[in-house]
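Chains A and B, in that order, are what the protein sequence lines are. Residue 293 in our numbering sits at position 305 of the first sequence, and the numbers go up by one each step. Quick note, our numbering runs 104 ahead of the 1-based positions in the second sequence.
Do not take every clue at face value.
[As the list claims (entries may be wrong)] Straight-line alpha carbon distances no greater than 25 Å define the calculated PhoX-like cross-link-like pairs of lysine-lysine that follow:
| hint | chain 1 | residue 1 | chain 2 | residue 2 |
| --- | --- | --- | --- | --- |
| 1 | A | Lys99 | B | Lys420 |
| 2 | A | Lys185 | B | Lys420 |
| 3 | B | Lys422 | A | Lys99 |
| 4 | B | Lys226 | A | Lys297 |
[As the list claims (entries may be wrong)] Where chain B lies over chain A, by a calculated footprint (3+ residues, C-beta under 8 Å):
| hint | stretch |
| --- | --- |
| 5 | 101 to 109 |
| 6 | 114 to 122 |
| 7 | 284 to 293 |
[To be verified] So, partial list: chain B residues that the calculated Cβ filter (under 10 Å) puts toward chain A:
| hint | residue |
| --- | --- |
| 8 | Phe223 |
| 9 | Leu227 |
| 10 | Lys228 |
| 11 | Phe232 |
| 12 | Leu239 |
| 13 | Tyr247 |
| 14 | Asn252 |
| 15 | Pro348 |
| 16 | Thr361 |
| 17 | Ala371 |
| 18 | Gln405 |
| 19 | Gly409 |
| 20 | Ser417 |
For the record, the hints were derived by calculation from the structure and aren't laboratory data. Note that the Cβ used here is the ideal one computed from N, Cα and C, for glycine as well.
Here is what each chain is made of, one letter per residue.
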Amino acid sequence: MVKFLKLYEKIGIFILIVAASIFLAIVSPNFRNMDTILSIIMQGSYGAIIAFGMTFAITSGGFDLSVEAVMGLTSVIIAMLIPSLGFAGSIIIAVLASCFVGFLNGILITKVGISPLITTLSMQVILRGASLIITNGRQVVISQKSFMSIGASKAFGFLPMPIIYMAVLFAIFYIILNQTTFGRHVAASGSNEQAAKMSGLNISLIKTVVYILVAFSASIVGVIRTSQTLIGIPTMAPGFTLNVLTIAILGGTSLAGGRGNLIGTLFAGIFISMIYYGLNLLNVQIFYQMLAVGITLLFALFIDGLRMKYLETAKIKGIRV
Amino acid sequence: MDDIKIVLTPKQKAGSWLGSFGLIAILLIIFGFFSLTLRGTYFNWGNIKNMVSFSSYVGIGAIGMTFCIMTGNFDISIGSMLALAGVLGASAALKLGGIVGVIVTIVVAALLGLLNGLFVTKLKIPAFITTLGMLFIFRALAYIYTNNNPQYITDRFWIFLGNGSFLGLPFPIFIMGLCYLIAFFMLRKAPFGRYILAVGTNSRAASLSGINVENVKILVFTLIGVFVGVSAVLNGSMLGAANPGMMGDGYEFQVITAVVLGGTALAGGSGSLGGTLLAALIVVFLKTGMSNAQVNSYWQQVATGVVLIVAVSLNKLKFWLLGQAQ
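Using the sequences and the accompanying hints, generate a full structural model.
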């Protein structure tokens, strides 16, 4: 069983994807062409990008429930500033503001010592309120059409830009987590904070940077989504945080902390998008998507719970894992 | 502890003062402030009665959450639980009458709480994430069951529970009082209360001393369901309908705020029902005051978030002053 679960951690998500692909290929003729597949990957990229950041947060032993509100904040700031600053300037300010939110989260969690749950839950409520105040509750239409090129154009005539952003961010996050000292420190502080502290790591700094990274990734998706719709939406993506958490956990990143699996996260993002595509084929209402994501999360948790349980027994029995 | 005379340092005195009188002081300050600025519209007997009656919505749900946080867990699915139990109860009431509807609401909520408890204990997954998943599942089921149509509550008995009055006071006040009496008895006079504290303080020690930790947790999550069910009955009655989308929206946030503001430590192991009740009153007094003063609702939203962070920080300060921090 331990072997199976170890194996699942590595390739489980691929099995799910292959199964889902075969299923979709049988039931939907459309699935068998390139455009559909690319569009599914693009739809999955939004969740996946934020889940890269979330993977860091979970690896460090925390998590962030404020990501959907960060998206809304980014969207609103861009929409309000774009007439005066142009799109480059407004994007930079929006992303910086989001990083500052991440910094605040980090400070509240590490310095004030409030749990990640309470900090980020409150932050979500505060940011939603703040975004609504900025636009006075309205959605703001962006008149600069050129801004659309950021999220809605296609590279080489066929590859949607969000996929490219996802690939680039994946490479960056992957290198940070797996090839740098900082990445090792993140894993160390998640797997045993006390030990990491005693070995001289600056836990507060590490965790604060992690929360900045989460907010940064959420902000990028906020930019992409805003560019696609050309509307600044203060209440953007309600409930999206659950998608992101589901993707990260389904991808094999354990809630116990200390082990991040970014490759799994990437493919879990695509898998969730496939579920949505399948549900759309069935023409069901949007509530069923909520239900599906919730159930998928519970399934992922079930596997994670089993894994932790068996790893614990394996440790007691002295099996090397 | 009570029979030993403890000499407190000034710091500890400040800490214990913050714990016991801080909340009453905050409540009086908020009440005084809005009474002075809004005068008659706020400071009148009818409004005070209404505010206390409204506080039953958060106050009753917060009882279960106090137990839960005392064991060191969270349940953030309660808003959706309220909605799902509410719509099922309301639709049962249409066919089978109000008494059945009320019973269905409470039983459904208790079963949903039991489900949460089973998931949390049997799979050993952190409660917040399990209940986050349930938050979406319950809400989705409420939508699917009603096809996004509100279920109207017309039964006279059910309407009376939330809107009637008894001895000149709104009926919800009596229900809330009864709930707190029962909860207080369970926490202070029955073994269950000691078990909760033991599990929250040190779950391993509790388990070694023969307490069935899993059963205590399952019971706690089920109790959350029961109290949320009672709250759903009153909420549905006051609104006259159970709306799958709006009912209980943001409820978990208000309830957790009340519990934390009431002085229950997030790490578990200590807590007070009196504090929770006072905090529920504070939340409602503040909210009503801001609404009466026509504060923009978006600012109110920001304020609720800030209040929670400040409440947790104050709690930290209290325990630091008392020297209980790690």
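B:Thr361 as chain A interface residue, shortest Cβ-Cβ below 10 Å: holds, 9 Å
Supplied contact hint for B:Ser417, tested at 10 Å Cβ to chain A: Nearest chain A Cβ about 6 Å off; hint holds.
Hinted contact B:Tyr247 with chain A - closest CB pair below 10 Å: Since chain A brings a Cβ to about 4 Å from B:Tyr247, closer than 10 Å, the hint holds.
Status of the B:Ala371 interface restraint (C-beta, 10 Å, chain A): Because about 8 Å separates B:Ala371 from the closest Cβ in chain A, which is inside the 10 Å limit, the hint holds.
Satisfaction of the B:Gln405 interface hint, Cβ to chain A closer than 10 Å: Holds - the Cβ of B:Gln405 comes within 10 Å of chain A, reaching about 3 Å at its closest.
Chain A contact restraint on B:Leu227 - CB to CB distance below 10 Å: Cβ of B:Leu227 sits 4 Å from chain A, so the hint holds.
Interface hint compliance - B:Asn252 to chain A, C-beta minimum distance less than 10 Å: At about 8 Å, which falls below the 10 Å cut-off, the nearest Cβ of chain A leaves the hint on B:Asn252 intact, so it holds.
Coverage of the stretch 101 to 109 of chain A by chain B, judged on three or more residues with CB within 8 Å: Held - the stretch 101 to 109 of chain A has 7 residues with a Cβ nearer than 8 Å to chain B, which meets the minimum of three.
Restraint check for B:Lys422 with A:Lys99, where alpha carbons must lie at most 25 Å apart: holds, 16 Å
Restraint satisfaction for B:Pro348 [CB to CB of chain A, less than 10 Å]: Nearest chain A Cβ about 9 Å off; hint holds.
When the least beta-carbon distance from B:Gly409 to chain A is tested against 10 Å, hint result: holds, 4 Å
Given coverage of the stretch 284 to 293 of chain A by chain B, tested with a Cβ cutoff of 8 Å and a minimum of 3 residues: Our answer is that it holds, as 6 residues pass the Cβ test (under 8 Å) against chain B, meeting three.
In summary, this structure violates none of the numbered hints.
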